[in-house]
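What follows is the residue order along each chain.
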Amino acid sequence: MNQRFDILVAGAGPAGIAAAVSAADAGKSVGLVDDNPAPGGQIWRAATAHPAAARNWLGKLDATHVTRLQGWRVFDAPAPGLLRAEYKSECRDLAYGKLILATGARERFLPFPGWTQPNVMGAGGLDAMVRGGLPIAGKRVVVAGTGPLLLAVAAHLTSRGAKIAAICEQAPLRRFFPFGVRLLGEPAKLLQGIEYGIATLGAKFYTSCWPIAANGGEKFEAVTLERKGKRWEERCDYLACGFHLVPNLELPALLGCRIEEGFVTVDSLLRTSIADVSCAGELTGIGGVELALLEGEIAGLAAAGKTKDAERLARKRKQRLGFVQALRTVTALDPRLKTVASDATLVCRCEDISFGRVRKHISWREAKLHTRCGMGPCQGRICGVAAEFLFGWDLDPFHFSVRPPIFPALVSSLGVTDRLTYESDSLALAGNTNQEESE
Amino acid sequence: MPETADSLTLAVNGVAVTVKNGTTVAAAMLIAGAPTRRSVTGEPRGPLCGMGICFECRTTIDGVPHQRSCQILCTVGMDVRTS
Chain A
1 MNQRFDILVA
11 GAGPAGIAAA
21 VSAADAGKSV
31 GLVDDNPAPG
41 GQIWRAATAH
51 PAAARNWLGK
61 LDATHVTRLQ
71 GWRVFDAPAP
81 GLLRAEYKSE
91 CRDLAYGKLI
101 LATGARERFL
111 PFPGWTQPNV
121 MGAGGLDAMV
131 RGGLPIAGKR
141 VVVAGTGPLL
151 LAVAAHLTSR
161 GAKIAAICEQ
171 APLRRFFPFG
181 VRLLGEPAKL
191 LQGIEYGIAT
201 LGAKFYTSCW
211 PIAANGGEKF
221 EAVTLERKGK
231 RWEERCDYLA
241 CGFHLVPNLE
251 LPALLGCRIE
261 EGFVTVDSLL
271 RTSIADVSCA
281 GELTGIGGVE
291 LALLEGEIAG
301 LAAAGKTKDA
311 ERLARKRKQR
321 LGFVQALRTV
331 TALDPRLKTV
341 ASDATLVCRC
351 EDISFGRVRK
361 HISWREAKLH
371 TRCGMGPCQG
381 RICGVAAEFL
391 FGWDLDPFHF
401 SVRPPIFPAL
411 VSSLGVTDRL
421 TYESDSLALA
431 GNTNQEESE
Chain B
440 MPETADSLTL
450 AVNGVAVTVK
460 NGTTVAAAML
470 IAGAPTRRSV
480 TGEPRGPLCG
490 MGICFECRTT
500 IDGVPHQRSC
510 QILCTVGMDV
520 RTS
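Quick note, the sequences are listed as chains A and B, same order. Counting from 1, one number per residue, gives the positions in the first sequence under the numbering used here. Counting from 440, one number per residue, gives the positions in the second sequence under the numbering used here.
Hints are computed from structural coordinates only; laboratory data are not their basis. For clarity, every value in this text was computed on a predicted model and none was experimentally measured. No residue lacks a Cβ here, since even glycine has one placed at the ideal position from N, Cα and C. Don't take each hint at face value.
Keeping only pairs whose Cα atoms sit at most 27 Å apart, straight-line, the calculated DSS-like set for lysine-lysine is [claimed, not checked]:
id	chain 1	residue 1	chain 2	residue 2
1	A	K163	B	K459
2	A	K338	A	K230
3	A	K219	A	K204
4	A	K88	B	K459
5	A	K219	B	K459
6	A	K219	A	K139
7	A	K139	B	K459
8	A	K360	A	K338
9	A	K228	A	K338
10	A	K139	A	K60
11	A	K60	A	K230
12	A	K60	A	K308
Computed far set for chain B versus chain A, every beta-carbon distance over 12 Å [unchecked claim]:
id	residue
13	T443
14	A450
15	G453
16	K459
17	G472
18	E482
19	E495
20	V515
Build the full structure now, drawing on both the sequences and the hints.
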């Protein structure tokens, strides 16, 4: 079954919801496709108490006529004006007049010895588990990495009864830091706790500090931390570790949108270099939930032809772009983080390729061809971003060479095309994953 | 935890686990202390990103392999196995 919309929005986080609601309010037929079980994205993931903005926008989405394709994963753009998506074993083509991409961001992970053990996960990753039903009361957690997400996660886990043993921020800039938390739209009460003293979390807050090893026998038990040459072990049940956010560029790259310095290039109305395709939210720069909502509204209004309204909001957006740059400066990675992995540390978790093997190569492309790093089911989404920092490799060619399927898909889904060479190409590109999935 | 009106029971590697309604399969596996998968060199793995990007949480659900357990909710009687 295929569907057609005036405006299709990919991603149901704050930016996508705002875009869909704004476009639908303008009288357009709107589809909202998202791969999670419920709308809200990562920041408004199922929670006991949503912030007011989330309740407001999710309420608007409920009250507006938007066709929701929740749980559907877009894996191809087989022709202009067409996305192809999969849900379980079903495959569907989604046709659009205009497309708004709001695919959000993921955490950047950096390898260190022991980081592949269970219970060592992303900061947002652990938060997602807790929001997804993992009881955390009474558990000891170390939160590490960089960016305002660390404090937001620590605050949320504390509110759910976790004992935060330490918060380790790699940046040296404590005084600049709390401002960024506001961007994540956390409840005001938690914010106050952060802004007027991280001590209220009952956690030790270290700057210029990062994990150098995750330790344990059969089970993860403790993390070794380093700060200014001093090393010590912190016992914990979970290590939540993420080094800020990077945008999910695969879909805009597949569509051919121009990408510069790691983000999609857009004009003031958020239109990309490709006709009828615009972007909103973290794809245009990591700016947090308020900016994402504003960008969603701009993109939705502009796509619906409400240019004047969109231009008015675009002026508001311009004033807020300073935050994006400030956040980028604050979260710049310390070069000493490049030396934390040992030769035996895995960089590519899909194919189990070590740092020692990857570092022998001169480029991401060559490392992929010789070692298979980045060629497992995540298609380099995790290790490619790490390699970019660790080895200074230019990943832009990686984005420009994105090819379908951008997520592993069933062979039955790939088979809906009439391009005869398509199946074999796709299987070769995505390694053996597709074959496994077809079993 | 005991089964109540707002909880359900599923099987993780053949062992019954009771979780609150709305719990993801990945969270249920963490509760059960079960790895989601074994890596190509045999390492036990658990969830990393929690948002369907990293594929570390892929697991076998009701006989279907490679399901991203962080994006799937538990249902009554579901059979989940480390893959």
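Here's how the hints hold up against the structure:
no. : hint               : result
1   : K163(A) to K459(B) : holds, 22 Å
2   : K338(A) to K230(A) : holds, 18 Å
3   : K219(A) to K204(A) : holds, 24 Å
4   : K88(A) to K459(B)  : holds, 24 Å
5   : K219(A) to K459(B) : holds, 25 Å
6   : K219(A) to K139(A) : holds, 15 Å
7   : K139(A) to K459(B) : holds, 18 Å
8   : K360(A) to K338(A) : holds, 15 Å
9   : K228(A) to K338(A) : holds, 15 Å
10  : K139(A) to K60(A)  : violated, 37 Å
11  : K60(A) to K230(A)  : violated, 51 Å
12  : K60(A) to K308(A)  : holds, 22 Å
13  : T443               : holds, 14 Å
14  : A450               : holds, 16 Å
15  : G453               : holds, 19 Å
16  : K459               : violated, 5 Å
17  : G472               : violated, 8 Å
18  : E482               : violated, 6 Å
19  : E495               : violated, 6 Å
20  : V515               : holds, 15 Å
In summary, the numbered hints that this structure violates are 10, 11, 16, 17, 18 and 19.
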